[in-house]
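Modelling step: build the complete structure from the supplied sequences, incorporating the hints.
Residue numbers (our numbering), protein chains in the order written: chain L, 57 to 218; chain W, 146 to 310.
Among the clues, some could well be false.
[As the list claims (entries may be wrong)] Result set (BS3-like, lysine-lysine): computed pairs, CA atoms no more than 30 Å apart in a straight line:
hint: 1; chain 1: L; residue 1: Lys152; chain 2: W; residue 2: Lys287
hint: 2; chain 1: L; residue 1: Lys152; chain 2: W; residue 2: Lys291
hint: 3; chain 1: W; residue 1: Lys149; chain 2: W; residue 2: Lys192
hint: 4; chain 1: W; residue 1: Lys192; chain 2: L; residue 2: Lys99
hint: 5; chain 1: W; residue 1: Lys290; chain 2: L; residue 2: Lys152
hint: 6; chain 1: W; residue 1: Lys291; chain 2: L; residue 2: Lys99
hint: 7; chain 1: L; residue 1: Lys61; chain 2: W; residue 2: Lys157
hint: 8; chain 1: L; residue 1: Lys77; chain 2: W; residue 2: Lys192
hint: 9; chain 1: W; residue 1: Lys290; chain 2: W; residue 2: Lys255
hint: 10; chain 1: W; residue 1: Lys286; chain 2: W; residue 2: Lys149
hint: 11; chain 1: W; residue 1: Lys255; chain 2: W; residue 2: Lys286
hint: 12; chain 1: W; residue 1: Lys255; chain 2: W; residue 2: Lys228
hint: 13; chain 1: W; residue 1: Lys290; chain 2: L; residue 2: Lys99
hint: 14; chain 1: L; residue 1: Lys77; chain 2: W; residue 2: Lys255
hint: 15; chain 1: L; residue 1: Lys99; chain 2: W; residue 2: Lys157
hint: 16; chain 1: W; residue 1: Lys287; chain 2: W; residue 2: Lys192
hint: 17; chain 1: W; residue 1: Lys153; chain 2: L; residue 2: Lys77
hint: 18; chain 1: L; residue 1: Lys99; chain 2: W; residue 2: Lys286
hint: 19; chain 1: L; residue 1: Lys152; chain 2: L; residue 2: Lys77
hint: 20; chain 1: W; residue 1: Lys157; chain 2: W; residue 2: Lys192
hint: 21; chain 1: W; residue 1: Lys287; chain 2: L; residue 2: Lys77
hint: 22; chain 1: W; residue 1: Lys228; chain 2: W; residue 2: Lys287
hint: 23; chain 1: W; residue 1: Lys153; chain 2: W; residue 2: Lys287
hint: 24; chain 1: W; residue 1: Lys287; chain 2: W; residue 2: Lys149
hint: 25; chain 1: W; residue 1: Lys192; chain 2: W; residue 2: Lys228
hint: 26; chain 1: W; residue 1: Lys157; chain 2: W; residue 2: Lys287
hint: 27; chain 1: W; residue 1: Lys286; chain 2: L; residue 2: Lys152
[To be verified] Partner residues are not named here, just some residues of chain L that face chain W (Cβ under 10 Å, in silico):
hint: 28; residue: Leu66
hint: 29; residue: Phe69
hint: 30; residue: Ser70
hint: 31; residue: Tyr78
hint: 32; residue: Pro79
hint: 33; residue: Pro85
hint: 34; residue: Val95
hint: 35; residue: Asp96
hint: 36; residue: Glu98
hint: 37; residue: Cys103
hint: 38; residue: Asp159
hint: 39; residue: Ile167
The set of hints was computed from the structure by calculation and includes no laboratory data. C-beta atoms are modelled at their ideal positions from N, C-alpha and C, and glycine is treated no differently.
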Amino acid sequence: MFKGKAKEALICFSNPRVTLKYPFEPQEPPDGFRGRISVDVEKCIGCGGCANVCPSRLIRFYDDGDVTRMEFILDRCTYCGRCADVCPEDAITMTKEFETATDDLEDLYIIQELYMGTCNRCGRCFETDNWIDKIPTRRNREGRNFVGPAMPHVQPIKEVAK
Amino acid sequence: MFRKLCLKAFPKALWVYHANCGACNGCDIEIINVLTPYYDAERFGIKLVGSPRHADVILVTGGVTRQVAPALRRLYEATPDPKLVMAIGSCACGGDMWFDSYNIWGGADKVVPVDYYVPGCPPRPEAILYAVAVALGMAPKKVGKKVQRDFPEFEEPESKFMKSA
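Here you go:
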């Protein structure tokens with residue numbers, strides 16, 4: 057019995073403190089942690105893929121003349137990371153920023169405005185400038201994590217002929 | 146003078162009352178985690194109490210359901226002044242992905258005035274501790290509204306909606 061007590065005392069003395077010193081010292085979250093999203097306005101082409109897949113529907117797009125206005129209202133963000141997965145230009149990335157406590161909900165908004173061309177036929181916005189600059193920086197289609205072919209309902213012509 | 150004394154003594158020992166208003170239990174587990182010796186919120190004088198009449202702070206988790214909204218309202222009125230309301234988790238901040246459901250009010254701020262928001266699904270225990278530190282004035286706010294453009298500032302582009310209207 058005494059032996060057990062001595063062992064217990066040894067454990068207690070070898071680990072004198074377990075409490076984190078967190079609010080006074082910074083704490084790094086583990087790898088793969090999904091925190092607040094960050095949007096790179098230079099890479100974004102305004103395709104709207106993130107708004108399509110967002111389960112909370114917090115990403116909104118407004119076409120206003122030559123300017124597309126995007127609103128990321130992150131108060132109800134689930135941090136699922138689907139917008140970062142689907143982004144073709146890797147403009148949206150998940151940061152490790154978790155200290156997002158605030159007393160004003162507007163602190164969580166990201167508002168972004170893109171200058172885009174206007175289509176003569178349909179009148180909607182599209183990205184015009186820098187397309188040729190962007191081609192070499194794009195990754196190959198094979199390297200991306202596509203779930204399936206882009207249009208699975210369209211059969212190849214040969215199979216239909218058989 | 147008594148009121149000033151009360152306000153000065155208020156942040157010394159915050160007693161919290163935890164109200165689950167339709168949460169999935171994720172945020173509740175994180176709140177209990179903050180009170181354990183590892184994160185140890187009790188060193189700031191924070192203590193969980195069983196009645197809103199003893200509490201200074203109400204922690205609201207979950208995007209307030211229609212059935213629990215009157216109870217939350219009554220709970221807020223039962224808490225003595227001065228009081229703080231903290232919305233823990235994305236559900237309490239804005240309703241998460243159920244923000245437009247028929248049975249969810251979509252956020253604690255639709256029912257009671259909220260002082261601090263802690264988004265996250267669920268928020269890390271550190272994030273809740275950080276919110277406590279912000280509320281006590283020990284740490285500054287780190288987030289801010291971001292407005293970013295990929296074109297230089299020039300006069301407002303002409304709006305097509307304004308023309309037609």
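Discussion item. Are any of the numbered hints broken by this structure? If so, which, sorted upward?
Written reply: Result: hints 4, 7, 14, 15, 28, 29, 30, 37 break, sorted rising.
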